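Asks: Start from the sequences and build out the full structure, keeping to the hints where you can.
Protein chains: 4
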Amino acid sequence: MRFFSDNAALVHPKVMAAIAAANHVDNAYDGDRWSKRLEQVFSDLFERQVRCLWIATGTAANAIALSAMVRPYQGIVCHEEAHIEMDEAGAPGFYTGGAKLLLTPGAGAKLTPAAVQGRLSSIRGDVHQVQAAALSVTNATEYGLVYSADEVAALGALARRHNISFHMDGARFANAIVSAGCSPADMTWRSGVDALSFGFVKNGGMNAEALIFFNDPMADMAQYQRKQAGHLFSKGRFAAAQLLAMLDGDLWLHNARAANAAAALIGEAAGERLLYPVEANEVFLRLTAAEAATLRTAGFDFYDWGDEAARIVTSWHHDVDDVRPLASAIAAL
Amino acid sequence: MRFFSDNAALVHPKVMAAIAAANHVDNAYDGDRWSKRLEQVFSDLFERQVRCLWIATGTAANAIALSAMVRPYQGIVCHEEAHIEMDEAGAPGFYTGGAKLLLTPGAGAKLTPAAVQGRLSSIRGDVHQVQAAALSVTNATEYGLVYSADEVAALGALARRHNISFHMDGARFANAIVSAGCSPADMTWRSGVDALSFGFVKNGGMNAEALIFFNDPMADMAQYQRKQAGHLFSKGRFAAAQLLAMLDGDLWLHNARAANAAAALIGEAAGERLLYPVEANEVFLRLTAAEAATLRTAGFDFYDWGDEAARIVTSWHHDVDDVRPLASAIAAL
Amino acid sequence: MRFFSDNAALVHPKVMAAIAAANHVDNAYDGDRWSKRLEQVFSDLFERQVRCLWIATGTAANAIALSAMVRPYQGIVCHEEAHIEMDEAGAPGFYTGGAKLLLTPGAGAKLTPAAVQGRLSSIRGDVHQVQAAALSVTNATEYGLVYSADEVAALGALARRHNISFHMDGARFANAIVSAGCSPADMTWRSGVDALSFGFVKNGGMNAEALIFFNDPMADMAQYQRKQAGHLFSKGRFAAAQLLAMLDGDLWLHNARAANAAAALIGEAAGERLLYPVEANEVFLRLTAAEAATLRTAGFDFYDWGDEAARIVTSWHHDVDDVRPLASAIAAL
Amino acid sequence: MRFFSDNAALVHPKVMAAIAAANHVDNAYDGDRWSKRLEQVFSDLFERQVRCLWIATGTAANAIALSAMVRPYQGIVCHEEAHIEMDEAGAPGFYTGGAKLLLTPGAGAKLTPAAVQGRLSSIRGDVHQVQAAALSVTNATEYGLVYSADEVAALGALARRHNISFHMDGARFANAIVSAGCSPADMTWRSGVDALSFGFVKNGGMNAEALIFFNDPMADMAQYQRKQAGHLFSKGRFAAAQLLAMLDGDLWLHNARAANAAAALIGEAAGERLLYPVEANEVFLRLTAAEAATLRTAGFDFYDWGDEAARIVTSWHHDVDDVRPLASAIAAL
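Chains as they are written, first to last, in my numbering: chain A, 1 to 333; chain B, 1001 to 1333; chain C, 2001 to 2333; chain D, 3001 to 3333.
This list has only true hints and no planted wrong ones.
Here are the simulated DSSO-like pairs of lysine-lysine, each with C-alpha atoms no more than 27 Å apart in a straight line: (1) C:2014 <-> C:2036; (2) B:1036 <-> B:1014; (3) B:1014 <-> A:14; (4) A:36 <-> A:14; (5) D:3014 <-> C:2014; (6) D:3014 <-> D:3036.
Which residues of chain D face chain B? A partial, calculated answer using Cβ under 10 Å: (7) 3072; (8) 3073; (9) 3074; (10) 3095; (11) 3098; (12) 3130; (13) 3131; (14) 3221; (15) 3229.
Keep in mind the hints are simulated off the structure, nothing from the lab. Note that the coordinates shown come from a computational prediction; the quantities given were computed from them, not determined experimentally. Beta carbons are placed, not taken as given, at the ideal position from N, Cα and C, and that holds for glycine.
Replies: The structure is reproduced here in structure tokens:
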């Protein structure tokens, strides 16, 4: 059984069905009836008017959001292990025409107001240094930790004080919401977030994320930038339909609950081995090479994380029965 | 019946089935078994080793190809009504970091060696003017004309003499191949083409084009650029599966033949009204506002093309029986 | 005697003296006492508070001004023979990260409101086409014609109606002011101009132009962009001192008057040969190859302008006595 | 007496004289007789054919060199306190269209092969991470340390093994050469350097650095990039004349010797207070706030370096007699 990545996981059957059901002649790009429903559906979810653009990947969603926030000579405060720094091939620099990521430390890839303030204070306020114009956090983080709405609000307040924009990379936003138990509104705009990369692909989608703006001028820019970057699908209805299916009947929450529960079960089995508390759908645990080999021999696949640890990622289709054998195998090590 | 755009058309059922069949857990990005088959399948088609990257849109395919050919201070010779100039939101400028399109006239959006030579000769060879580093042609053109392999070869020879790269925007490559009756190899690399944006979305695909390189260093660059631009789907197997389905049993040719035949039927009915010979799947015809209204009242939709003309685009699912009523209505005007 | 270009001309002795006089230890970059005086001096000249950045070249001044006005997916309306299009190596595209020049025709490289309106109206208002966000005019134009303050105001009103920014390339602003006989304020901000590239190098300076902003947010952006582009001299006092010397005692007007007068004299001699009226310091005249050879044999150098014409450019150091022999030689042809 | 920065220092009288002597009508841009002599003069200095472009600032020299080495999706290994990272406003990101600086630690801002190898090894070799394509070192470093030719050669060999380009920021190259006692050739191309930002402004120049290429294709690119970035002065002779004056009679070495000697004298006086050995023209020393105040009261100005230290920079015009009072004051603390 594979626990490599939620990227590799299955597309949910309801999403598959929605894609199939969208195969009608309709207007091109985002002029179709599916795309046109998006803003209403997401506005309902977020309890206010929002702007919503479908977009194929989280990397594009992040980079387009950030390009609406900073100029080429400005910078984006983010964690030193943030996905935008580590795994997006320099996309923010490309999309912004040269802006810099201003790396900030923090346990479990989580930023605190103190750490962000420290990073901001380290910048001389002259034209020779790159001035911060945005803050980007990932929720859930790269290590599966979850910011509460209050923690987000504290960062949002700091961003406002410094007059910088606030972006949330929500590749695993669903897992974070399930874990935090708060509303999407509290987790985002009520806490000062201007733009959210709302991930669906890791959570049962195929190739559509939602880029949500709580800020109209940014959304206007992003609409052009999406097209200029070649991200405006000509048959956008197949993207919109995925998002609608995910929101329908709260499938996104249902799926995230399953993945989180599976991770929690593994986390309990891992006990003292855990490198981080298990708050979403990722488990980082200490594992010797021999132990890793034992698990692999038993049919479980996952990433090594350095020499003495491993990363296990659960997905919406890993139900508790599925992961129990892995949990037992870990407990038995 | 709608003849707006082949962008708006249906996805072919075999492509739909292939997408559904790809819903297995597999490696992420382009590490899956579908993606890994692509280069072999396209190499067979092109009768030589090629490099192939799936990519969501023609705009992205074009821009990424061009960004592997030119530097920010260089230029791309193209037709003044080329899609990259008129309808891609400045994507080539964005992807190249500032390179300029060097616009060149030509009837029916078709370039001749003389026109290209004239454009090149108009550039002073100093650092103050933007020097050409690439030539881009569209086959079939924006007006539905088709370059023969010989015509492409004449442009390719010119490009080689001037030491510039050669890109073909093949959003309707299938229609061009069917019309020209030559091999994909003769139409491209044997005629000097370095990179081809091989379109499938207008021809029955959903959201996957193929970016084909006959040049390894360019392909290496494009692979990174695709990721940096956020175009590397995390579940790439659903893109690759579309391309494999389109090539399987020559579905791409089958579909293009249907669209071309439908356009030909309309073209015959249009007779003297035609603005351009009908060589692919587009018909441009003179039509007064009253005549256009008549056709629309009869249930046919299409784009106005300026004040006194219209554009009718046929798709793979317009079989000859489908379009006969439109042909008759035009003939009856 | 050389009439190639005012670029090649001498630096005025007063500018030379000011440079020598600035050789004192002082603060680096633009923190020195010369740089600090600039905004006051230019604010006096323009009869309102302005922002002023010294910058080495007209190309940089233009590109930095434009980069504060447009996003990568937007466009700049300019004449199809504007310097930014023809002779700046694609600088606007590079500085803006991909924005496009929207070329517009007009006799003598001059834009009319009708021509600009026509160009704007040709753009479909969707995300697929590059939307205009700025208008750039050159005064005096590339053919030595001068916009009156009223003509500028008509363009400025049009720009405001379309909510686009307005830039003036004033590489020969001094010659335009002398010719138009209006105030710098009337020629610029009172007519809707947001930013002016105020040229001094062609008019007796060495390597300092003034980039003037009548718009604070743009000036703020430009200050960072100048540094990021490597244009913030570490010993900026030598740039500022040039500008101060040029403004002192209206040297800039004195020099432009001399150049304009010299051109006028040649223009009178050229009579029927003139391609354009002589309004600033450039003379374009019909000249056969044989006639050009005759003039060159007599010791006069200038650029051929195509096959049957020539461009003669006068400079501040061409006083009337200097150019009389050329005028006579032309009259004698 | 001011010891803030060699940026703020005087222009050497011989450079001033050379500028004055260049005030003749000549060809524009770099077509004049001074610019045309540069490559010969620098080729003599470097004992091989080199390419040389004058350029106004070190920031521009560095950024243009790097833009000829990397693509937007690639990275540049440099020290985490390198000038290109700390004080150039993100210029490398802007010029390269998004490339990233890959920060590497090292005492005294000096890189070792082991540290560079460690940074390179930390990068996964896939398209998701930014791959290194260049290495940039600063000699003398930001803390006034000097790489020997052997140390450079070890880094050059490493760069070659990894197939990455090698850039040297030589803002204080003269001070490094004087300190290391080796030839410019040994310090650069014989040790694998592809491009050198050869600084003159800090060493008695006004506004001209030399960008030296030991690699023709890079130089070809840089020539266009310099123009596109607006760095091609229209009266380039005044830049070229500065460089010729600095090389004439080895003025550059003479000046650097004076600055280094002045720093050495202060360094000896500082003794145990030194944070780094004094190898060039910078002295970093521990200094309490009270001690700093004492020195300032005595008429000496310098930068605080954090809370408990100071940076003193000597210039070509600080001869030993000039700095003796400062040395005595430090010794007396």
